[in-house]
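Assemble the complex: chain A is given as a structure, and chain B must be docked to it using the hints.
There are 2 protein chains.
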Amino acid sequence: MNVKPIVKSDIEIAQASAMKPIAEIAEKIGLLEDDLELFGKYKAKLSADTLKKLSTKESGKIILVTSINPTPAGEGKSTVTVGLADAFNRLGKKAMVAMREPSLGPTMGIKGGATGGGYSQVLPMEDINLHFTGDLHAITTANNALAALIDNHLQQGNLLNIDQRRIVWKRALDLNDRALRKIVIGLGGPVQGVPREDGFDITVASEIMAVLCLASDLQNLKERLGKMVIAYNYDKQPVTVADLGVEGALTLLLKEAVKPNLVQTIEHTPALVHGGPFANIAHGCNSVIATAAASKLADYVVTEAGFGADLGAEKFLNIKARTEGIDPEAVVIVATIRALKMHGGLSKAELGKEDTEALTKGFANLKKHIETIESFGLPYVVAINRFISDSENEIEVLTELCSEAGMPVALTEVWEKGGQGGIELAEKLLGILDEKAANFSHLYDLSLPLEEKILTVAQTVYGASKVEYSTKAKKQIKDFESFGWGVLPVCMAKTQYSLSDDPSKLGRPSDFTITIRELKPSIGAGFIVALTGDVMTMPGLPKAPAAMNMDVDEDGNAVGLF
Amino acid sequence: MNVKPIVKSDIEIAQASAMKPIAEIAEKIGLLEDDLELFGKYKAKLSADTLKKLSTKESGKIILVTSINPTPAGEGKSTVTVGLADAFNRLGKKAMVAMREPSLGPTMGIKGGATGGGYSQVLPMEDINLHFTGDLHAITTANNALAALIDNHLQQGNLLNIDQRRIVWKRALDLNDRALRKIVIGLGGPVQGVPREDGFDITVASEIMAVLCLASDLQNLKERLGKMVIAYNYDKQPVTVADLGVEGALTLLLKEAVKPNLVQTIEHTPALVHGGPFANIAHGCNSVIATAAASKLADYVVTEAGFGADLGAEKFLNIKARTEGIDPEAVVIVATIRALKMHGGLSKAELGKEDTEALTKGFANLKKHIETIESFGLPYVVAINRFISDSENEIEVLTELCSEAGMPVALTEVWEKGGQGGIELAEKLLGILDEKAANFSHLYDLSLPLEEKILTVAQTVYGASKVEYSTKAKKQIKDFESFGWGVLPVCMAKTQYSLSDDPSKLGRPSDFTITIRELKPSIGAGFIVALTGDVMTMPGLPKAPAAMNMDVDEDGNAVGLF
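Just so you know, the sequences run in chain order A and B.
Per UniProt numbering, the very first residue in the first sequence carries number 1; after that it's consecutive.
Per UniProt numbering, the very first residue in the second sequence carries number 1; after that it's consecutive.
No lab work stands behind these hints, which were simulated from the structure alone.
Think about it this way: if two alpha-carbon atoms lie no more than 25 Å apart in a straight line, the pair counts; the simulated PhoX-like pairs of lysine-lysine are:
id, chain 1, residue 1, chain 2, residue 2
1, B, K20, A, K255
2, B, K52, A, K41
3, A, K20, B, K41
4, B, K41, A, K41
5, B, K20, A, K41
6, A, K472, A, K520
7, A, K348, A, K8
8, A, K466, A, K478
9, A, K428, A, K61
10, A, K543, B, K227
11, B, K428, B, K367
12, A, K94, A, K20
13, A, K361, A, K505
14, A, K53, B, K41
15, A, K52, B, K41
Here are the simulated distance ranges between beta carbons:
id, chain 1, residue 1, chain 2, residue 2, range
16, A, K93, B, S9, 48 to 56 Å
17, A, A544, B, S482, 28 to 36 Å
18, A, S55, B, M548, 26 to 34 Å
19, B, S482, A, L159, 51 to 59 Å
20, B, Q219, A, K57, 47 to 55 Å
Bear in mind that the values here come from a model prediction, so they are computed numbers and not experimental data.
Positions of the beta carbon are idealized from the N, C-alpha and C atoms, including for glycine.
The shape of chain A in the complex, shown without the other chains (with noise of 0.2 Å):
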């Protein structure tokens, strides 16, 4: 007799999981009650204090979890991260996680948190899927906040010559509503505003969530939000936050947010969840100042970047890391039998079946990855992510390919086993942290043209053969490089699916062009956004959105979030 055995879903682990009162677990890094600001028993945000003392400290080793190009089948990068963390402090290491904070947008269409997964999860889950302690709802209403401001501004004079036509800052929802994309405001007559178009994108595609992740502290975000350019005037030239003087008020509505928020996974690992900007618009990591503060606090941090080592890690090592003591020290490149199946061209219906032609074929998607991180300077482990439906022959085959290609390999069950099942992966990252000295360079001079950096991304990185620009674009990059745009670096908005710009290209394509359809400054963050493709920036519902499940029980308890 077949017996199915019964899996639990993320929500029901979760919730059977006793947590540690929070100061309980800020007690194990060293801080005291008075380092926190509870949000409620089991949340707190680092006190601007803390966070200045923290700073003299010696940094810790920062390890870097990224994946391969991201499929329906899913890698489990963020479980990854959290198991790992749990692993380490097994093996009697003070490990932390540091990871981004999720968006309501997905959680409220699409089923899947991100959280983790299994027993390998940040708690409360709940509490971190929906509101948390506000952070993204703060930027909501900062980002809103300034396009009222400059549509008043429209309103009451145009002091500063804005070209209505020209307003680049959208507005923007932490939820999926593709009604809200392409819009028209201000009509029903003169004291209702200046009529023109606009389009609300989701808020992790916000600047302002991007310069909240970069920021070093309070006031270099102020600086960065009064570089943000908001237009341009009549005469072509941008204007900017600073010109229109508010950048104190939305640095005021940011002043909470912007401090690291502590959680702890279902093994009382601490773990610092804060920021979340989107991979493919913006650089798709958690903040500079929770992953400066988790190295300050713990010996191992352990961090995540969005989507596949093309673009979240790219954009780490390119953007994120040149702010200081940010570098990493060894990378983890996740993978799942499933997923590289997929990119050896199975369709998801396939994937129960074994199938290590498909799987090796697929492989080169992989070792694409394992070649970027290379060039970085960087040592790393490709983890094989178990699934139930993973075949021992299978295992064996990838395994094998990583062997035989010298790529060192760990199998992790962090979903089923918690941190037990993250340990061979520890082990070979400390193994490896102890032999190999990284030698860690950025791809790119920011001294070289904006051209030059996009194509070294596009040719090192994805493996183009070449990088083709649209008329627009090629008149961008030279009015930004007038308006001295062009030092900053470039962060690729891409799709996750695959290594080239068309997201059915899967595996490991070659002789492929890249092209560049448009620039967009995000000055205040630092980077100029190149967009290839059709990159979303404010994601639909489904037929069937999540929300229709989701409910609260007789208690006021959580039902049907993942």
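Then chain B, alone, in the frame of chain A:
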């Protein structure tokens, strides 16, 4: 030599006041740390368990603070609310404040907070005036998640047959943003949604805010959310949130926001600050849950209702007080010499000079509001809220006018002196509460037709001679009664500046007609909104918004917040 007294700003006074840990404040009213969900050291929410426990306890006395029709001269109703509770505590009584939480729209727009003033404030005023515990953000999110789900329903096949021209659910932001009043959404082609007219209200005007403030508990909240009308279908029948099946998701988004927030006054009186619906489009009172909880925790609860007695108090008494246990025992009517002089015909510039004639003329406005409170069968005291510019002569004249009319009156100096300045008012109230039993009754029976309920309010409360209806409103009344909504109370939407629906008619106008332009069903909140004149549900920003002066200092403290 004349020395000008240095008057400190509200934020300076607030920041110079030492707060006690909120757990210590809670102890005073018999709550343990376990009853609280802390938000930092000085704010907390009451837990769901605590609210349940409280429901069986005996209730204290509720005192409702209202005022004359507001003028640009200011009345200080929140200031008196806070100072009165402080005065009760100084007299050895166990008293609490239950008031509304501020909206960020006015905070960023017009100088002037909503947390009291001078030495009668609730603290921490910066937090309360900014994001506080995130209640308004949760309401904004729930409001817009619903809107996104409606548009997604249209996009995905429109099974409910919703007429896109008859969607009544609007989007919301907690900001003043006139350019979003009338917009067109869903532009850009078939994958960007269904094009239609739409608009944003300020969050405090969202029906969800009213629902949160009238719900008796979480399950009642869910029931009310399900009843909200979002649109009409092609058969012109109402479509509700329950039809869409997302009341569970909305409740989940609001499960924390529904818990009242505990803070303290400068004099450490416990205060519940929770919910903040508009007093024009909605009922303008803090939450039923908070008012009820306060009445279980203290012997005297001082609470306020928005704008003048014609709006906030009328709705408190005809709508909110239909919830069991929320009847007030006495009313305070706040008036200032300055405001009465404006009602007597002076402009704001003329208020500095003594003018007992204008004062005597403006007294008629106060008298009308007294008659209104009497018509509800409630005892009251008039509070003359002293301003620095009031002359002794003027105070004498006003006191005399009140005495002649048989109105109990007390001078308050709560801005300058805190609770000490409210002792006379507190003592008079205690005397009245001992002597006179309230003989409270609502102004109308729910079984009356909608038009008769509207007429009752217009004649008894406003002093109107008659009510006229637009053709649209007449048709709506017929439709609404056919949907079974005729048994609901009416929520009048009217200018706050006049007893009539014309904001320029100050004092006590007579022989005027109230014109009902349109009705709006708020079936979840449980009332029918009757719109008169041009009531605004999304304010605009002024020429020099308050945001221009806001900032943070080097230590991260708020600057320029009033």
